[in-house]
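There are 6 protein chains.
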Amino acid sequence: MSDRLEAFEAYRRKMNERIADVDHLGIKRFFNLDTKAYEDGALDEKTKELLGLVASMVLRCNDCIDYHIIQCVDAGWTDEELYDAFNVALVVGGSIVIPHLRHAVESLDIYRGRERS
Amino acid sequence: MSDRLEAFEAYRRKMNERIADVDHLGIKRFFNLDTKAYEDGALDEKTKELLGLVASMVLRCNDCIDYHIIQCVDAGWTDEELYDAFNVALVVGGSIVIPHLRHAVESLDIYRGRERS
Amino acid sequence: MSDRLEAFEAYRRKMNERIADVDHLGIKRFFNLDTKAYEDGALDEKTKELLGLVASMVLRCNDCIDYHIIQCVDAGWTDEELYDAFNVALVVGGSIVIPHLRHAVESLDIYRGRERS
Amino acid sequence: MSDRLEAFEAYRRKMNERIADVDHLGIKRFFNLDTKAYEDGALDEKTKELLGLVASMVLRCNDCIDYHIIQCVDAGWTDEELYDAFNVALVVGGSIVIPHLRHAVESLDIYRGRERS
Amino acid sequence: MSDRLEAFEAYRRKMNERIADVDHLGIKRFFNLDTKAYEDGALDEKTKELLGLVASMVLRCNDCIDYHIIQCVDAGWTDEELYDAFNVALVVGGSIVIPHLRHAVESLDIYRGRERS
Amino acid sequence: MSDRLEAFEAYRRKMNERIADVDHLGIKRFFNLDTKAYEDGALDEKTKELLGLVASMVLRCNDCIDYHIIQCVDAGWTDEELYDAFNVALVVGGSIVIPHLRHAVESLDIYRGRERS
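Protein chains in written order, with the numbering used here: chain A, 26 to 142; chain B, 26 to 142; chain C, 26 to 142; chain D, 26 to 142; chain E, 26 to 142; chain F, 26 to 142.
A hint or two may mislead.
To be verified - In silico DSSO-like pairs for lysine-lysine, Cα to Cα no more than 30 Å straight-line:
| id | chain 1 | residue 1 | chain 2 | residue 2 |
| --- | --- | --- | --- | --- |
| 1 | F | Lys61 | A | Lys61 |
| 2 | A | Lys61 | F | Lys53 |
| 3 | C | Lys61 | E | Lys53 |
| 4 | B | Lys71 | C | Lys71 |
| 5 | D | Lys71 | C | Lys71 |
| 6 | B | Lys53 | C | Lys53 |
| 7 | B | Lys71 | F | Lys61 |
| 8 | E | Lys53 | C | Lys71 |
| 9 | B | Lys61 | C | Lys39 |
| 10 | D | Lys61 | D | Lys39 |
| 11 | C | Lys71 | B | Lys53 |
| 12 | A | Lys53 | D | Lys53 |
| 13 | F | Lys71 | A | Lys71 |
| 14 | B | Lys71 | C | Lys53 |
| 15 | F | Lys39 | A | Lys61 |
| 16 | D | Lys61 | E | Lys53 |
| 17 | F | Lys71 | A | Lys53 |
| 18 | A | Lys71 | B | Lys71 |
| 19 | F | Lys39 | D | Lys71 |
| 20 | D | Lys39 | E | Lys71 |
Think of the hints as simulated: they come from the structure by calculation, not from any bench.
A quick note: this is a predicted structure, and the numbers were derived from the prediction, not measured.
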């Protein structure tokens, strides 16, 4: 059975393929730039994914949060480190971030559960 | 002669003292929580300041950017690392972040200039 | 049968308990500060809940709207007063608030319906 | 069978009628002003709907995007022109707009599919 | 000598007259709707001005904050009540609101100073 | 004597050169993508600049507004057409856009005055 994180990943994959089909050079380049922004550079990928996660939380975008949660776990951040990052996002962005904190914690639990099974 | 970063720091200090005088327990506690959010924990202070900087950039707050630029430089981030963080903020937040990127680069230059003099 | 407001309340309760389990002192304190911000002070709780509702509407957060609708009804605000608050939020925040106005009016109807049954 | 765009349209119609019943003069006038803002004036309706679409994308409101997608298609904008507008929204608003770009492309596909059937 | 609040008020007055000269019916009606949103209705003007102030703070608009501070003081809100409203805005909107809290406290001090002289 | 629009243009030019010096490939590509997004494509440049202007107004960025006002005037939009676009931005974004409408109208007046002299 598919969890909500898998449903998001499937939808994301399907629509990204559809957008690639649209074949708009500007959009294609933007997606490329977005991918490259998180690759190792002066900062390593692991740090950049955490930056992406906190940016997604203060901008309150659940899909972006889910994407970066997965990336952050894969990059090796521990739960305690992620909670500390959630706390920075919460203090910067305020209580309006709380529904997205709930979502982030649940996504993290789902993804960790998948690792364990 | 005072630069615009010093003017900001003086204003910030003056008004934070004024706000402390207001003596509202909730506000006092919020300021305290804000300070503590960047202290060493599961994540170290250096990483958290970078998170604060990127959050400030995507939320497009120049005063917050200035504050975190100073903290990030003091914490030991190099220019190349900071430019890489600026790039993540730019890609996440889009061209609407560009005026704040200009501000951030100028603030960084001013603060580095102060170090050198 | 459970309505969407009940589903939200159950999810909110479940995830708040999960977040309490996370046991991060900063997050715990933020939740505490958030609760205290709406308690009687120089302004009474009733007024503060209305402030929270309008803030949630202009920031366009449906979960926050649902929470404050419930609190506002429990605090004794009438429908006419709430519509007047919705109108302030609509004028300040613009037509982008309209989907959240639809949500707010529906949540209010659901919650009033629950009172009547 | 109803698609998600039809479900949105039905909900929008139902709640707009409910809001009309609320009978708040300010809210009524706002809805009227909102309708009139897209009527032919110095700019024609077609151009204004495209402005509404891009504004909805950078402000990241899926319901507003769906509404303006429908209006833009009915006003005669081609897919290639709409993709070009999506690209402006993406560059201005950044990668945080991507989930809404996915939504917009899917909504456009659904609506075009309806035209064809 | 003019303070920054007087400078804002003069600029606001001058530009509002200029905008009235533009003679665009939609814009004119929006300004009218905006004025009416704060008049006595189911909620009284005093309460509505406080709603406008908190909405302005969480949306982080200094000009709007200045306008509503003046209106709130004229409507009879005490400093303690305004600080309590500032606190709600701070908790909802997070530390990104702090620069606007500084601005709000300073504006309030300037306006109270004017009353006393 | 230099007006505030000239001061902005000079600062923008200076800092864009400084940012080009930074020599970060991702940032460089983003600036390139941003430029290309407004070039003739399925939509012409003139239409895209108007989209950029409305996006800048609802996102409430004065520097971005100034840039696009200049581009829109150069692209041949009349004042009446620009006021109509301002109105769409005002209705979508609400009264929080008003300070930026004041700024936009003043910038337009300054730029038109420059044309006449």
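Now for the hints, and whether the structure bears them out:
1. F:Lys61 to A:Lys61: holds, 19 Å
2. A:Lys61 to F:Lys53: holds, 13 Å
3. C:Lys61 to E:Lys53: violated, 41 Å
4. B:Lys71 to C:Lys71: violated, 42 Å
5. D:Lys71 to C:Lys71: The given pair, whose Cα atoms are some 46 Å apart, is violated under the 30 Å limit.
6. B:Lys53 to C:Lys53: Given pair Lys53 (chain B), Lys53 (chain C) holds - Cα atoms ~17 Å apart, limit 30 Å.
7. B:Lys71 to F:Lys61: This hinted pair is violated, its Cα atoms lying about 37 Å apart.
8. E:Lys53 to C:Lys71: violated, 34 Å
9. B:Lys61 to C:Lys39: holds, 27 Å
10. D:Lys61 to D:Lys39: holds, 21 Å
11. C:Lys71 to B:Lys53: holds, 23 Å
12. A:Lys53 to D:Lys53: Judged against 30 Å, a Cα distance of about 42 Å means the pair is violated.
13. F:Lys71 to A:Lys71: violated, 42 Å
14. B:Lys71 to C:Lys53: Holds, at about 23 Å.
15. F:Lys39 to A:Lys61: holds, 27 Å
16. D:Lys61 to E:Lys53: holds, 13 Å
17. F:Lys71 to A:Lys53: holds, 23 Å
18. A:Lys71 to B:Lys71: holds, 15 Å
19. F:Lys39 to D:Lys71: Judged against 30 Å, a Cα distance of about 38 Å means the pair is violated.
20. D:Lys39 to E:Lys71: violated, 34 Å
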